[in-house]
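Number of protein chains: 4
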Amino acid sequence: MKAEIQLTPEQKQDLVERAKQARQWAYVPYSHYPVGAALLTASGKLYDGVNIENAAYPTTICAERVAVFKAVSEGERDFVAIAVVTEDGGSPCGSCRQVMSEFGLGLHVMMANAQGEILSECSLADLLPRAFNSSSLE
Amino acid sequence: MKAEIQLTPEQKQDLVERAKQARQWAYVPYSHYPVGAALLTASGKLYDGVNIENAAYPTTICAERVAVFKAVSEGERDFVAIAVVTEDGGSPCGSCRQVMSEFGLGLHVMMANAQGEILSECSLADLLPRAFNSSSLE
Amino acid sequence: MKAEIQLTPEQKQDLVERAKQARQWAYVPYSHYPVGAALLTASGKLYDGVNIENAAYPTTICAERVAVFKAVSEGERDFVAIAVVTEDGGSPCGSCRQVMSEFGLGLHVMMANAQGEILSECSLADLLPRAFNSSSLE
Amino acid sequence: MKAEIQLTPEQKQDLVERAKQARQWAYVPYSHYPVGAALLTASGKLYDGVNIENAAYPTTICAERVAVFKAVSEGERDFVAIAVVTEDGGSPCGSCRQVMSEFGLGLHVMMANAQGEILSECSLADLLPRAFNSSSLE
Numbered sequence: 001m002k003a004e005i006q007l008t009p010e011q012k013q014d015l016v017e018r019a020k021q022a023r024q025w026a027y028v029p030y031s032h033y034p035v036g037a038a039l040l041t042a043s044g045k046l047y048d049g050v051n052i053e054n055a056a057y058p059t060t061i062c063a064e065r066v067a068v069f070k071a072v073s074e075g076e077r078d079f080v081a082i083a084v085v086t087e088d089g090g091s092p093c094g095s096c097r098q099v100m101s102e103f104g105l106g107l108h109v110m111m112a113n114a115q116g117e118i119l120s121e122c123s124l125a126d127l128l129p130r131a132f133n134s135s136s137l138e
Numbered sequence: 139m140k141a142e143i144q145l146t147p148e149q150k151q152d153l154v155e156r157a158k159q160a161r162q163w164a165y166v167p168y169s170h171y172p173v174g175a176a177l178l179t180a181s182g183k184l185y186d187g188v189n190i191e192n193a194a195y196p197t198t199i200c201a202e203r204v205a206v207f208k209a210v211s212e213g214e215r216d217f218v219a220i221a222v223v224t225e226d227g228g229s230p231c232g233s234c235r236q237v238m239s240e241f242g243l244g245l246h247v248m249m250a251n252a253q254g255e256i257l258s259e260c261s262l263a264d265l266l267p268r269a270f271n272s273s274s275l276e
Numbered sequence: 277m278k279a280e281i282q283l284t285p286e287q288k289q290d291l292v293e294r295a296k297q298a299r300q301w302a303y304v305p306y307s308h309y310p311v312g313a314a315l316l317t318a319s320g321k322l323y324d325g326v327n328i329e330n331a332a333y334p335t336t337i338c339a340e341r342v343a344v345f346k347a348v349s350e351g352e353r354d355f356v357a358i359a360v361v362t363e364d365g366g367s368p369c370g371s372c373r374q375v376m377s378e379f380g381l382g383l384h385v386m387m388a389n390a391q392g393e394i395l396s397e398c399s400l401a402d403l404l405p406r407a408f409n410s411s412s413l414e
Numbered sequence: 415m416k417a418e419i420q421l422t423p424e425q426k427q428d429l430v431e432r433a434k435q436a437r438q439w440a441y442v443p444y445s446h447y448p449v450g451a452a453l454l455t456a457s458g459k460l461y462d463g464v465n466i467e468n469a470a471y472p473t474t475i476c477a478e479r480v481a482v483f484k485a486v487s488e489g490e491r492d493f494v495a496i497a498v499v500t501e502d503g504g505s506p507c508g509s510c511r512q513v514m515s516e517f518g519l520g521l522h523v524m525m526a527n528a529q530g531e532i533l534s535e536c537s538l539a540d541l542l543p544r545a546f547n548s549s550s551l552e
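Chains as they are written, first to last, in our numbering: chain A, 1 to 138; chain B, 139 to 276; chain C, 277 to 414; chain D, 415 to 552.
Hints in this document: simulated from the structure, not taken from any laboratory. Hints should not be assumed to be uniformly reliable.
[Claimed, not checked] Below 20 Å or equal to it, Euclidean Cα-Cα: the simulated EDC-like pairs (lysine to aspartate or glutamate) are:
| id | chain 1 | residue 1 | chain 2 | residue 2 |
| --- | --- | --- | --- | --- |
| 1 | C | Lys321 | C | Glu286 |
| 2 | B | Lys158 | A | Glu76 |
| 3 | D | Lys434 | C | Glu350 |
| 4 | D | Lys459 | C | Glu350 |
[Said to hold, decoys possible] If you only want the chain B side, here are some residues facing chain A, beta carbon under 8 Å, derived:
| id | residue |
| --- | --- |
| 5 | Ala160 |
| 6 | Val210 |
| 7 | Gly213 |
| 8 | Asn271 |
For glycine and all other residues, C-beta sits at the position ideal for the given N, C-alpha and C.
So that you can see chain A by itself, here it is in the shape it has in the complex:
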């Protein structure tokens, strides 16, 4: 695991703002709980995401994963920080933690409310202790 990169308060607020903007595109006809996310890569790019629901609930996807998937599909593999914006500053679900962990546990995670206030922040390692990873499969 690499040392965590320190973000400036401005960089943090930029990420949160981008997640807040993305949130307008959430597709949430069933939960009415829109989520926006924004991911910063080591290459300096930003990728945003929203939650996208389905009448068959299991095929719903979360905002955090959409942001990660977008980045990976553009060739990115190295991530620095992710901001998640919900009504109440809710945290990423266990599946999102698992997906993000595939690319390193040093990721900095910020949880903000609809007003853009960061209510809590920590590393992905804090959110997914004893993570299951590919070393088990070898």
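Use these hints to put chains B, C and D onto chain A, whose structure you have.
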């Protein structure tokens, strides 16, 4: 369901080519089965996607869904056609069919091999007969 | 694919009745759409299932899959028929079709309403044409 | 969250043994990584589970979830402990943590290797800090 938009052979080949290009970014350390997808929206934009695997297999995602998620996260809701490129022209899995169906069954689906030859094509309605949808939940 | 086994009307009604009974245990605090399923194996055993939701919608599971998972976890691999009971006779989602297809497309699928009336029935092959399967991965 | 129930060493070993036995039924043609799980409910019953894979990797399911789904489908909602047996004592993935958390974070989780040795144990709360739950959706 809207009438299906007719694509020209050039438009079809463009979509397949984009899916073929995207395929290089597939993250497939477990299956070694890279998939690329490209989605054309009614607004004329293209969104590509790749499959992205995880040591915990259930959190893997398919290329078709990544392309749809990218488009939805940018505010798109109206899709015309999707091309899927695999080694052998394999078809979308049931979960991808379900995710795509949320936005209409008229979507034109093309399955191409690694050389970019379209081996089969049909509408999403053909791939997901009697689709489960939100009318059941009301 | 093996020839489909013919079920008697009594066997069909037994399966539907079991799915109807199981439905009481559905855990659906979010959708309020309970589903029950019952699976008949070639060995003559019945396995039931219900849908089980989660605050993180993507980790929700469907009744059909729970029935299949229970059977597989007991060593069963050969399935004859499945009955699904919902309020309105809704059909299995694409993900459930994919999961069931791993064990053969000859499965007979019956969709019944809350009164236990079979509104439609067909083979899994009819519900998942051109199914993606392991032959693509080889 | 309820106070955690203390298990005797015999109860722990019983759970691990059951998970070890179940493991033989894992359906793992793609990962060749069989997992067995056994869940103890507050009512004193045991439910086992195995991982069940699919050619479309995202529709794979884990052993822990199969055990929980079986229990819930029988009307159980109150769980005491779960044992997971893998080759190397691997831990539950993030999605399994999320599914288990729906029914309480006090669950005792034991991770054992193929010889049945418990390599680590903790509460679900330790594995899923700041869990996303239904309070966010209200």
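Each hint tested on the structure:
1. Annotation: proposed proximity of lysine 321 of chain C to glutamate 286 of chain C holds, straight-line Cα distance about 15 Å (limit 20 Å).
2. Between lysine 158 of chain B and glutamate 76 of chain A the alpha-carbon distance is near 18 Å, which keeps this suggested pair within the 20 Å criterion.
3. About 13 Å separates the Cα atoms of lysine 434 of chain D and glutamate 350 of chain C, which keeps this hinted pair within 20 Å; it holds.
4. Pair hint lysine 459 of chain D plus glutamate 350 of chain C holds up; C-alpha atoms about 16 Å apart against a cutoff of 20 Å.
5. Taking 8 Å as the C-beta contact cut-off toward chain A, the hint placing alanine 160 of chain B at the interface holds, the least distance being around 7 Å.
6. Because the closest C-beta pair between valine 210 of chain B and chain A is about 5 Å apart, less than 8 Å, the hint holds.
7. A distance limit of 8 Å between C-beta atoms decides the matter here; for glycine 213 of chain B the minimum to chain A is near 5 Å, and the interface restraint holds.
8. For asparagine 271 of chain B, the interface hint holds, since its Cβ comes within 8 Å of a Cβ in chain A; the closest pair sits about 5 Å apart.
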